[in-house]
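Visitor: These are the residues of each chain, in order.
Protein chains: 2
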Amino acid sequence: MEVTRILARYVVNSRAAEIPEPVRQSGIRSILNWLGCAVGAARHETVDRALAALAPFSGPAVASVLGREEKLDIFHAALLNGISSHVFDFDDTHLKTIIHPSGPVASALFALAEHMPISGEELLHAFILGVEVECRIGNSVYPEHYDVGWHITGTAGVFGAAAAAGKILGLNEQQMIWALGIAGTQSSGFREMFGTMCKSFHPGRAAQNGLMSAILAKQNFTSSNRVLEAPRGFAHVMSTRRNFDEITEGLGTRFEAALNSYKPFACGIVIHPSIDGAIQLKKENGLTGDEVEKIELRVAPLVLELTGKRTPQVGLEGKFSVFHSVAVAVIEGAAGENEYSDARVKDPTVMALRDRVEATIDKSLRDDESYVRIVLKDGRTLEKHVPHAIGSLERPMSDADLEAKFRGLCEPIIGKSTTAKLLSLCWDVAKLPDAAEICRASIRWQG
Amino acid sequence: MEVTRILARYVVNSRAAEIPEPVRQSGIRSILNWLGCAVGAARHETVDRALAALAPFSGPAVASVLGREEKLDIFHAALLNGISSHVFDFDDTHLKTIIHPSGPVASALFALAEHMPISGEELLHAFILGVEVECRIGNSVYPEHYDVGWHITGTAGVFGAAAAAGKILGLNEQQMIWALGIAGTQSSGFREMFGTMCKSFHPGRAAQNGLMSAILAKQNFTSSNRVLEAPRGFAHVMSTRRNFDEITEGLGTRFEAALNSYKPFACGIVIHPSIDGAIQLKKENGLTGDEVEKIELRVAPLVLELTGKRTPQVGLEGKFSVFHSVAVAVIEGAAGENEYSDARVKDPTVMALRDRVEATIDKSLRDDESYVRIVLKDGRTLEKHVPHAIGSLERPMSDADLEAKFRGLCEPIIGKSTTAKLLSLCWDVAKLPDAAEICRASIRWQG
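Note that the protein sequences, when read in sequence, are chains A and B.
For the record, in the first sequence the residue sitting at position 343 is 343 according to the numbering used here, with numbers rising by one throughout.
For the record, in the second sequence the residue sitting at position 339 is 1339 according to the numbering used here, with numbers rising by one throughout.
Chain A extracted, bound-state conformation:
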């Protein structure tokens, strides 16, 4: 079966009018959430260091570093915005694969939009196609591919970025096949990097490399025609199992892009049900951290595999510590970016409670499920079963939740009035004659 060709043909032939309205709405919500995360993290030291290293080598500085004054060439802008959109670990999640879909695709598309005119309608369409491509490719190899050690947001994301950028560039079927091939042969990123600056580097590079792949393919730079299915292609080399039907079946009728979810907490998604339960217990009982003797969690296996860091040293590691997350959530009643600063991770009060959090694996639990049990010093015991964490498809964040998250992220960086304008532009993205207006509006108004 010509898996790569079938997928490429679908992307090339897809028309915006064929995308169902709920999928379009999901696309708009994803773009909004992506932008909030990127602007919110615009001043993160990961972004600062990448910018200091790479800006001296930038080409034509036409593309925005979201939320900042600097401009870069489109490749470097795609990289930087992919980094900032993911560095808080606060972005979106395709729960079937744990792919964070928007970072690679939106970061490539908005950079491209500052190079050539793209209407908001075109951009939204290409965005949905890119997300569809990466999530379907992810589905075809998940979970074995992820279990081997690949950071699937990077490895699958590069295909999505290439497909989306290729759609905007008007690639023909052969060129789209090549774009996917050039992208695939750059597919990379180890889970070993979690807790370091390289984690957010992965979606950044996926955006940059996918964009570059489409631009090379436009000039007829050739690759294999079978990057996905060949015996030495992506699915065989990078996974112990593959199911190509996940890629080719129901194209245009079944949309993975409609299954995106948005994080209420700024950390690894498998911690979310435990944080959710802890915050519910705190609020229902008016708890303070001082009252707590110990916290006992019963969690899905992936929780300790991904977020079992007992003694995180820096904020980025805290995002992969279920122990820090639940402790800080009980103390603060929140798990936003403020709860994952380097200082918060080293705070003696948080550390003391963290040491009293225990987690036990229960293989019968889903990834978004948790049992939280808090034993108080006065002998009482509080319990909460979270069958689906807030932010999951069963308990999605409302538009108002997303707006509140957006404001919380952006206002400290670009101020209230610029944030309000940016929010309004995001909801209206499909009506914009020039999608790049969003990038330009992401910078604090200096007037």
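Because the hints were derived from the structure by calculation, they are not lab data.
Keep in mind that the hints are not guaranteed to be accurate.
Covered stretches of chain B (in silico footprint by chain A; criterion: 3 or more residues with CB under 8 Å from a CB of chain A, positions within the stretch not fixed) [unchecked claim]:
1) 1016-1028
2) 1144-1150
3) 1184-1190
4) 1209-1220
5) 1224-1231
6) 1234-1245
7) 1248-1259
In silico lysine-lysine, DSSO-like type, Cα no more than 30 Å apart, as pairs [to be verified]:
8) A:Lys-283 - A:Lys-218
9) B:Lys-1294 - B:Lys-1346
10) B:Lys-1218 - A:Lys-346
11) B:Lys-1283 - B:Lys-1346
12) A:Lys-416 - A:Lys-431
13) B:Lys-1309 - B:Lys-1283
14) A:Lys-71 - B:Lys-1218
15) A:Lys-96 - A:Lys-363
16) B:Lys-1071 - B:Lys-1416
17) B:Lys-1346 - A:Lys-218
18) A:Lys-431 - A:Lys-283
19) A:Lys-71 - A:Lys-431
20) A:Lys-309 - A:Lys-384
21) B:Lys-1346 - B:Lys-1309
22) B:Lys-1218 - A:Lys-309
23) B:Lys-1071 - A:Lys-218
24) B:Lys-1283 - B:Lys-1416
25) A:Lys-71 - B:Lys-1071
26) A:Lys-384 - A:Lys-96
27) B:Lys-1283 - B:Lys-1377
28) B:Lys-1309 - A:Lys-218
Because the structure is a prediction, the values reported are computed rather than measured.
The beta-carbon is built from N, C-alpha and C at its ideal position, and this holds for glycine as well.
Got chain A; can you put chain B on it based on the hints?
Guide: Leaving out everything else, chain B in the frame of chain A:
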């Protein structure tokens, strides 16, 4: 064992005076051979298309596209020169791993030399260290890593480029560890791409990505400290076997960089013993193609796995066809770049003889060994056993051979006098106050 740290520490602490003279000589020969290949392929359509696609996005245009007038920023120059140095498949080979070591490392270093002053002595030292790093990492996972489907020149090469550039940038031990980590998490490239423009893209991207990794690490962009050895690091994720002793033992005393070899023929190295035997038989017997009834080869298993293309359609595919290669070698008595043009692959005379070449696997043969049997129309049979192909470590190309190859590659592109000057600069590389003089001298003198 802290494999990554041990390797990083060695690179950081190595002093040029500690490199034995034969290793230095091998380094000089490697640089010369790399440069000849890159200049020779400067006008290849693979380079043309990459340049057309990417030049509009170039940053400060300080670095040469070897053999051409265009200049690019150092990242794009590293990419383009990595492509051109490999696109003829005529470059060097570390035979223990089939890594083509110079492309990733030299392309990164010479680009960097046009950004900051580097003496020839410094560059040669960093080059040897980079080759050492990539070949040792290759040894630790070969052949299983390659068998899975990874193009090891790309996957291991990115480490070599990062180490070499990091040495020039004066990274400390922690930064060098990060540089290897940032490089490793970009390690990529499928063998599926052989026969397409993406094959030479791999060493190009390895050069570019390794260079970028070192520049990011210089700004303290962090990664895992254990990219090589961690359970979800390079060696476990990308290979079914690993031997870390290959990386850490005998550093500074045993040099993989001394084991480089140079190709006399412009195609996949496993074809070389068969071409060698065919050309010997042609010369000894004054054969023409017309006299040949059929050609029977007995070859190592990797020959048909890598170069079993029966009916190549373009020159790049011809380089991976033992059938085309032996046929054209019997007709022309050569297998240089001219024998792998698109036209030559479609030549009816070559095609007719190609169809009369048979190859049989013999598992007892080494990769550089072959039996060639030519049956003539007059009934005679000629036989030749090649125990080690010309170009192998047992029958190395002499300095004069390398010079002849260099002239054959460069003179059509930059003319005789520029070629002669460039050749002389290469032999004297260690004495140059400014290594970038070589890049600038690679362009045809316009005076």
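Visitor: Evaluate each hint against the coordinates.
Guide: Okay, the hints, checked on the actual structure:
no.: 1; hint: 1016-1028; in the structure: violated (count 0)
no.: 2; hint: 1144-1150; in the structure: holds (count 3)
no.: 3; hint: 1184-1190; in the structure: holds (count 7)
no.: 4; hint: 1209-1220; in the structure: holds (count 6)
no.: 5; hint: 1224-1231; in the structure: holds (count 5)
no.: 6; hint: 1234-1245; in the structure: holds (count 3)
no.: 7; hint: 1248-1259; in the structure: violated (count 0)
no.: 8; hint: A:Lys-283 - A:Lys-218; in the structure: violated, 56 Å
no.: 9; hint: B:Lys-1294 - B:Lys-1346; in the structure: holds, 19 Å
no.: 10; hint: B:Lys-1218 - A:Lys-346; in the structure: holds, 26 Å
no.: 11; hint: B:Lys-1283 - B:Lys-1346; in the structure: holds, 25 Å
no.: 12; hint: A:Lys-416 - A:Lys-431; in the structure: holds, 23 Å
no.: 13; hint: B:Lys-1309 - B:Lys-1283; in the structure: holds, 26 Å
no.: 14; hint: A:Lys-71 - B:Lys-1218; in the structure: holds, 22 Å
no.: 15; hint: A:Lys-96 - A:Lys-363; in the structure: holds, 17 Å
no.: 16; hint: B:Lys-1071 - B:Lys-1416; in the structure: holds, 23 Å
no.: 17; hint: B:Lys-1346 - A:Lys-218; in the structure: holds, 26 Å
no.: 18; hint: A:Lys-431 - A:Lys-283; in the structure: violated, 41 Å
no.: 19; hint: A:Lys-71 - A:Lys-431; in the structure: holds, 25 Å
no.: 20; hint: A:Lys-309 - A:Lys-384; in the structure: holds, 23 Å
no.: 21; hint: B:Lys-1346 - B:Lys-1309; in the structure: holds, 14 Å
no.: 22; hint: B:Lys-1218 - A:Lys-309; in the structure: holds, 27 Å
no.: 23; hint: B:Lys-1071 - A:Lys-218; in the structure: holds, 22 Å
no.: 24; hint: B:Lys-1283 - B:Lys-1416; in the structure: holds, 28 Å
no.: 25; hint: A:Lys-71 - B:Lys-1071; in the structure: holds, 22 Å
no.: 26; hint: A:Lys-384 - A:Lys-96; in the structure: holds, 25 Å
no.: 27; hint: B:Lys-1283 - B:Lys-1377; in the structure: holds, 18 Å
no.: 28; hint: B:Lys-1309 - A:Lys-218; in the structure: holds, 27 Å
Violated hints for the displayed structure, listed by number in ascending order: 1, 7, 8 and 18.
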